[in-house]
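Mind assembling these two chains? They're in different frames, but the hints should get you there.
If you want the building blocks of each chain, they are given just below.
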Amino acid sequence: MTTTVSPPPERAPGRPRRRRRTTDRGLNRAFRWVAVGAGVLILAVLAAVAVFLLQQAWPALTAGSDELAASVPRYPDDTSLLEYVGPLVFGTLLAAALALALATPVAMGIALFISHYAPRRLAQVLGYLVDLLAAVPSVIYGLWGIFVLGPAALPVWEWLGSWLGWFPLFAGPVSPTSRVLATVAVVLAVMILPIITAVAREVFLQTPKLHEEAALALGATRWEMVRTAVLPFGRSGVISAAMLGLGRALGETMAVLMILSPGFLYSFKILDSAQQQTIAAYIALDFPEASGLAVNTLIATGLVLFVITLAVNMGARAIVARRKEFSGAN
Amino acid sequence: MAQRIDVKDLNIYYGDFLAVQDVSMTIDPKSVTAFIGPSGCGKSTFLRTLNRMHEVIPGARVEGTVEMEGVDLYGDDIDPVAVRRNVGMVFQRPNPFPTMSIRDNVLAGVKLNNHRISRSDADELVESSLRGANLWNEVKDRLERPGSSLSGGQQQRLCIARAIAVRPQVLLMDEPCSALDPISTLAIEDLIGELKQDYTIVIVTHNMQQAARVSDRTAFFNIAGTGKPGRLIEMNETSTIFSTPAEQATEDYVSGRFG
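Protein sequence lines, in the order shown, are assigned to chains A and B. First residue of the first sequence: 1, per UniProt numbering; consecutive thereafter. First residue of the second sequence: 1, per UniProt numbering; consecutive thereafter.
Among these hints, one or two may not hold up.
With a straight-line Cα cutoff of 25 Å, these simulated DMTMM-like cross-link-like pairs (lysine to aspartate or glutamate) come out [said to hold, decoys possible]: (1) K8(B) <-> E234(B); (2) K196(B) <-> E83(A); (3) K209(A) <-> D79(B); (4) K209(A) <-> D181(B); (5) K111(B) <-> E213(A); (6) K111(B) <-> E224(A); (7) K209(A) <-> E234(B); (8) K228(B) <-> E55(B); (9) K228(B) <-> E63(B); (10) K111(B) <-> E63(B); (11) K209(A) <-> D141(B); (12) K209(A) <-> D16(B); (13) K228(B) <-> D216(B).
Hints listed in this document are in silico derivations from the structure and should not be mistaken for laboratory results.
Bound-form chain B, shown alone (with noise of 0.2 Å):
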């Protein structure tokens, strides 16, 4: 299922502006792994590009290549609409379908794949999904509510169950917990646990203690002054990076002394 990623010299730009340059890394599979740095140094704007989701916003582009296994993201014949159905995204605001039930929200990612789905494969589907998402106990009696009763952090837990119910290779979080109590954020912790004996995870946070519970291995993004590209300054297994940086920016980040 899960599947590695290899970035090479990549530049991003929107329109003429070079938001971030020059990033290349690996990101091993089934693993979990932390993008973190100060706002505004794009590490937002990269995780998008390993799912196009960056070329929503007209004049965004890229130069250099995103290898998934091999095949470049970027290539000629490959369809965005393809990358983001094998790369799913949780964004940093529940955004579950407000006029769906919680059922019709799991499947709106199925449904959109063009598969005709029977109902029983569907209560399947809906079953495992939530139940991957650590769900299915709070909303099993529900089913048919609509997606927006449920709490912040239940909401977050349906988009992820909405995420792997289309068994994507990839799933990409950008700040997931940010708008969540801190009950919420462990349940969504531990869930990314769980998660990556399937998936390869990546996950942007502010918040370094996260980055510190849940990853295998952490990037730390800088930005220069505003204006300046962001670039990636340097990733490693997580526990070096919290403890002993190359980078004497990195040790100024997670020690506290800015950002």
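Bound-form chain A, shown alone (with noise of 0.2 Å):
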């Protein structure tokens, strides 16, 4: 999900070019193009794509609301294409949300015993079985959202409407579908739980032993010893690691879009269908009836999603840059 862009190196200022005969300095030159020439290629990708989102969004980006009206269908009177676009990006930040409230906890939890309880050959294997996790299409997440934890989590869903109904998350009617945002944000949880674990975990390996011993000499338990050493060592190193998830959460389009039952309202009832949709989702969802302006506004509603998750992404970056004053390097 991240880009990594480095400055290409810079050449020497005004030494003429020698011709270099040994085989060692053509193979020097060669990966050197291959390096820039890849570093390149990312920046213009990514600048195709925001060039390519920009000018297909513009028609949309300019018309009026009355025009948009006309051509986009289900396309309310009298809006403009902000407030068209606001319940689909609220419908997006807080599935991803959920999602990632749900997976965090969980992951650092097998981040933590894989990485301080577990036996070795134990912490192996449920390493891979993690990674694991993330190798199951999206598709596959879809229809097991629908077929298996929809049926499974309805009567949870029940429950929870029925006795925490005044918590505005949960407020009724809960939908007998199950096809609802709270089964979306699970089913986003374990879609995004292998990456954060996998980059917890490493976070956590990473304490310097030193520091674990320090604390164990002074008396800690194993569960004080996690708490004094490792969770301040690998805070912000597992802060980057949710944002990652979040930005995978945010653009997951398939499984969002076979379980719930879309809805165009600011709505916090996570439990009843028909309230909110993702912004992925919906352009998957309209994009095969689309045409003319209808296409035009799809992609600009793609741009919003763009700019969301490249700003999620700068501000993982941006903690991870953080990090390294709290490295514990002394």
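Given below as structure tokens:
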């Protein structure tokens, strides 16, 4: 999800190029060009995507609301494009935030178990299994969400609705189809679990032995050692891991599309159907039947998603960079 | 405060590998005992059995007994966590918690022990511990700064303050000065001299002059060869070890003929 762009190496100024005879020099130069080329390619692709989105979204961005209402299906009258995209952004952020809230504690638990509790062999197996979760295609997650998780979670949703209905998220009515944002959030949480776990595990494993021993020698139990030495050391790493997961949850299309019964409301009701929709699922759903200005409108929503995801990833980068100060290298 | 340690017939294993063989010794309360010997002779390993820190390494185990005032540290009903609360440790490299302030570093052990400590008690403890480690005057104006902002020698004294803040019976030091410059080393050595008023101190050192300067009794460990277990060769008053040792190997080592 992240892109690392390194500045191309500078050429020594004013030095005339000499012909180098040895193959070693040749290889060196070839490697340099490959490396620079790869770096430039990333930039070019990113720029091409941005240009494409802007260019294609432009007609929708500049069109009046009457024009949009006339040519885009289900476009309400007297609504600006921003007002139109608003609920989609809301739905996208809500789904991703819920998924993140569910996945992060579990991922940290798994990562800590693998790095500090499990016997070495079990830890390895468990690590592979978690990585395998990442290999399951999202279509499969969608089917699983509809046929397995949905029915299984329905009693839980009903329980939440009847006992915690006063809480905005769980306000009724509870949809008997289970094709609601709550189910989507659980599926998304499972999907982003592997990446958060993998990054958190690596960070926890890097905790200096010195600090762990310092805690143990003070009479810390295993949990206290984790709390005093491992968690403070890994905190910013876990934050950036969560940001990576968030990036994936924001862009996930297929699972949401298959499970969620969509709506276009600013609604916190995650147990009712036809309340929210995410940008990615919305585009995938409407694109096959769209034409003309409707396509431009869809692409404009895509542009919004692009900007959100980019912002999240840059946020993660910034946090990772800040981590250097706390790395504990003394 | 200080307590006497009796070690009897101690064998230390890593898995099947016998690392240290057949050590018996008595460590007197309120004294400084130094362990010297060449690298890999098992003195650090042995030191870590005195607070069960060697158990951090998977497969490590001991045979024999380590008794503190008659209580076997390896008894079935003894929790290693409780042992480590009684036997503090200072490591080779200073290791203050990097994300904590100086103040929080000193209080880290106390907070671990689940004591709810009032603000004024905490302030008092921070001051007394830092004074105990001869660090108070240098850091009293910046207690909220990170521990890693201090110099190496100051960090090591911070670690000592952190260790004595939990009021241990015994203080183990594993080459506490090997990463420090001579001035900082001197500060730590002076501190060791003061700490022995209250604590039983055991120090591992590669520096024989240091052992001669700070310790009351010295134990010399040696190893017969690679893959062989380390052994306690002899233990005596420090002055005796450095002037008229009973064993030829000890004399060779302290006179600089090997090691």
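>> Between the alpha carbons of K111(B) and E213(A), is the straight-line distance 25 Å or under?
In response: Holds. K111(B) to E213(A) sits at ~17 Å (cutoff 25 Å).
> Is it true that the CA of K228(B) sits at most 25 Å from the CA of E63(B)?
Replying inline: Answer holds: K228(B) to E63(B) is near 17 Å, not above 25 Å.
>> For K209(A) and D16(B), compute the direct alpha-carbon distance and say whether it is at most 25 Å.
In response: holds (24 Å)
> Can the restraint linking K111(B) and E63(B) be considered satisfied, given a maximum Cα separation of 25 Å?
Replying inline: violated (33 Å)
> Is it true that the CA of K209(A) sits at most 25 Å from the CA of D181(B)?
Replying inline: holds (23 Å)
> Hey, K209(A) versus D141(B), does the alpha-carbon distance stay inside 25 Å?
Replying inline: violated (30 Å)
>> With the threshold set at 25 Å, check whether the alpha-carbon distance from K228(B) to E55(B) stays at or below it.
In response: holds (21 Å)
> Is the hinted pair K8(B) and E234(B) satisfied, with a Cα-Cα distance of at most 25 Å?
Replying inline: With Cα atoms ~15 Å apart, K8(B) and E234(B) stay inside 25 Å; holds.
> Are the Cα positions of K228(B) and D216(B) separated by 25 Å at most?
Replying inline: Violated, because 29 Å separates the two Cα atoms, which is more than 25 Å.
> Is the straight-line distance between the alpha-carbon of K209(A) and that of D79(B) 25 Å or less?
Replying inline: Given pair K209(A), D79(B) holds - Cα atoms ~22 Å apart, limit 25 Å.
>> With the threshold set at 25 Å, check whether the alpha-carbon distance from K196(B) to E83(A) stays at or below it.
In response: violated (75 Å)
> Within a Cα-Cα threshold of 25 Å, do K209(A) and E234(B) meet the stated pairing?
Replying inline: violated (32 Å)
Hints 2, 7, 10, 11, 13 from the list above are not met by this structure, while the remaining hints are.
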